[in-house]
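Asks: Line order of the protein sequences matches chains A and B. Read left to right, the first sequence gives residues 1 to 167 (this note's numbering). Read left to right, the second sequence gives residues 1001 to 1595 (this note's numbering).
It cannot be assumed that every hint is accurate.
To be verified - The calculated SDA-like cross-link candidates involving lysine to any residue, where the alpha carbons are at most 20 Å apart (straight line), are:
| id | chain 1 | residue 1 | chain 2 | residue 2 |
| --- | --- | --- | --- | --- |
| 1 | B | Lys1576 | A | Lys79 |
| 2 | A | Lys147 | B | Asn1360 |
| 3 | B | Lys1302 | B | Ala1496 |
| 4 | A | Lys28 | B | Ala1270 |
| 5 | B | Lys1314 | B | Asp1268 |
| 6 | B | Lys1567 | B | Leu1543 |
| 7 | B | Lys1112 | B | Gly1278 |
| 8 | A | Lys79 | B | Lys1567 |
Simulated from the structure, these hints should not be mistaken for laboratory data.
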Amino acid sequence: MSASVLDKVAEPEFSPHLTQFIKDWKDKPGSLIMILHQLQQQFGYLPRAAILKLSREINLPLAKIYGVVTFYHYFKLTKPGRNNIQVCMGTACYLKGGEDLLQELENMLGIGVNQVTEDGEFSIESVRCVGCCGLAPVAVCGTVFGKLVPEKLPEILGKLKAGGEQP
Amino acid sequence: MALNQFCLVCGGTGCESRHSDAVYKNLKSAAEELGVGNQVQVVKTGCFGFCEKGPIVKILPDESFYVGVKPEDAHQIMAEHLVKGLPVEHLLHKTHGHHSGWGEYASQLYQKQVRIVLRNCGIIDPEDVQEYISRDGYAGLEKALFEMSPTEVIAEVKASGLRGRGGAGFPTGLKWENTRKTVSDQRYVICNADEGDPGAYMDRSTLEGDPHSVLEAMTIAGYAMGASQGFIYIRAEYPLAIHRLEVAMQQSREMGLLGKDILGSGFDFAIEIRLGAGAFVCGEETALMQSIEGNRGMPQPKPPYPSESGLWGKPTAINNVETLANIPVILLKGSAWFASIGTPTSKGTKVFALTGKINNSGLVEVPMGTTLREIVYDIGGGIRGGKAFKAVQSGGPSGGVLPAQFLDTPIDYESLTKVGSMMGSGGLIVLDEDDCIVDVVKFYLDFSVEESCGKCAPCRIGGRKLLNLLTKITKGKGTRADIETMRQIGFAMQRASLCMLGGTTPNPILSTLKYFENEYLEHIDHQHCPAGKCKDLITYSVLASKCIGCTVCARKCPVNCISGERKSAHFIDPAKCIKCGACYEACKFEAILVS
Ligand SMILES: Cc1cc2nc3c(=O)[nH]c(=O)nc-3n(C[C@H](O)[C@H](O)[C@H](O)COP(=O)(O)O)c2cc1C
Ligand code: SF4
Ligand code: SF4
Ligand code: FES
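Using the sequences provided together with the hints, build the complete structure.
Replies: Structure follows, in structure tokens:
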């Protein structure tokens, strides 16, 4: 890609915390994944422009960074909804109806996994075991919703949309 | 007045998600308000292992056990129990509808448990190093540094018979010895906290409830092997565990227990946390090291083993969290004590995450050699809802499924492997009559295929093939020849895959073909799913003779495919039915037929 194309992308602002973190870590061997975590924390995902900027700052080829980003499920290249609802599809949750939850959620929001509602409010993600198997089935959105049944979803979605913390 | 009562509030992820933090704060403020702040200490601890019934509050010294405590209950517990000595009956834990009363709970659930790894979980405040120290914390390290030479430490670990708890069961002492033997200017100690098995959370609870035990063990390992740098590779999905580790590292550095010149011994050891990013294969040691180096987490051929050439080409010892948590106790109490617990080939205890269709799901730690029956029935309280036991799955996506005939198998590495399953990292999932074996196996295959890194063909292609065949069978389109094909692909994958992810992907299929072939054949020959799970093979209909026309099902159906007048038999439109089972759950007259 030519430099002129790169230059047209507006350069995103890195927070002071992120800037400091990059400074502290960039010369440590193997720091890329740690830095990407911080980057994702600031933006909620990994915007292309931010990766471009990072590539210049830590002097790593874009191909290397994208290679890593696309390997790991945790890194997101698209913007999730304001509320990203993670439905656990670990074994314990699967056995206790995680799939029904996921289906019901998809029906209610009219989107599939890894999609975002039109108003940008919600997105759905399917994750593997969040370590709360005793509470299966589980969904996570800021807080952990344990022993979840589809009937509780409307209430939870309502509260999340209202911006309130948790039911 | 001195402190004479303790109020332990669980601060594990499970309980925190149900507002145990508010319970903790309310208990504290209630103690102040009632003027007993200097007699009752409220402590936030790690996981009690009984997550399902949380939030949990335990009172000492009388050992009362409160479950499902809400923030608004805190005041009553403080006022009644701790001030007046009257238990709050309705919140006490009950078994089978009876009060288990004072302390009885503990004897029921903990009777067969021996807590070495979880010795401090649910007892100490994990964010206070002093509490760890007061329970012999860092005494093992002190002993190692001042009374033992590095080779003596290794000899002690070897003599204990400790084997890796991360899955493979490799003798820990030997691993350390091999790492020490490799000549190098630097060596590394890595703690594997990637815990990828979906349905297992032992490592998470250990790190949340007792982070110092792992830090202490890594430092001992560093001393034994001549390493000055350690890494903890932990899943980013475990924020609370990461936080507790950070707090613990900060405190132990301040106390001179970590960092330069530890306890004035001249030994330096530093630990750094590195986050995973959601790739199951990174739990595999060579992939994990790739990930720490900042690369795509792809496994590498072995040999060379990490003990020869590991992280950045230096000799490296990778140990699982649970393996490490045993180390301080082994040093303190001695190898002979540790080796006296367990079976001839497997020493010590194993922590299991008991989940699925079981009454008491939670974390249990039992001596090696305990039988599956003791875990499922005595500790787990049997099958939920009076259903029939079907099987128990161990070893996660790499493991196998064992039917009732093996319930008396004593748990150790060898005997589980012999009957076609494996110890794995400690997930123990109980299946009942409502679970379809083919469906569960398909779940695991789906997992392994998604997590395959794609580097080698047997895993990438073989896994996909197996999944396709299973899917075909669950749709009722399979043939008997497919079973043979699955066996052949499975055997090939076991032999030819580069890493054990591909090598173990077929295990769930192969073990169930051994013990549950009939269930596969039911799907193939009769297009029938005996458990009624495979949606393509079932239909829902209304039994006109039993239906009283209450309309409940019609109102529950999410796609409105049930019609009928009030007080007359209803009808399900099979073309529109999505087989969600809502009507079946809703009907009180057993008028919905699943076939
Ligand atoms: C696909 C795969 C996933 C693994 N995941 C883990 C894991 O999550 N945690 C772990 O401790 N070991 C895991 N292991 C085992 C490690 O490769 C390694 O054997 C272990 O960390 C060594 O520690 P130990 O000797 O203390 O068990 C995994 C292995 C494979 C093949
Ligand atoms: S067996 Fe699977 S996970 Fe392991 S290296 Fe091969 S493709 Fe990757
Ligand atoms: S819930 Fe049962 S009894 Fe009531 S209308 Fe439906 S099938 Fe008939
Ligand atoms: S399987 Fe869902 S939290 Fe473990």
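Asks: Work down the list of hints and note, for each, if the structure agrees.
Replies: Against the structure, the hints:
no.: 1; hint: B/Lys1576 <-> A/Lys79; in the structure: 35 Å, violated
no.: 2; hint: A/Lys147 <-> B/Asn1360; in the structure: 14 Å, holds
no.: 3; hint: B/Lys1302 <-> B/Ala1496; in the structure: 13 Å, holds
no.: 4; hint: A/Lys28 <-> B/Ala1270; in the structure: 14 Å, holds
no.: 5; hint: B/Lys1314 <-> B/Asp1268; in the structure: 18 Å, holds
no.: 6; hint: B/Lys1567 <-> B/Leu1543; in the structure: 14 Å, holds
no.: 7; hint: B/Lys1112 <-> B/Gly1278; in the structure: 35 Å, violated
no.: 8; hint: A/Lys79 <-> B/Lys1567; in the structure: 51 Å, violated
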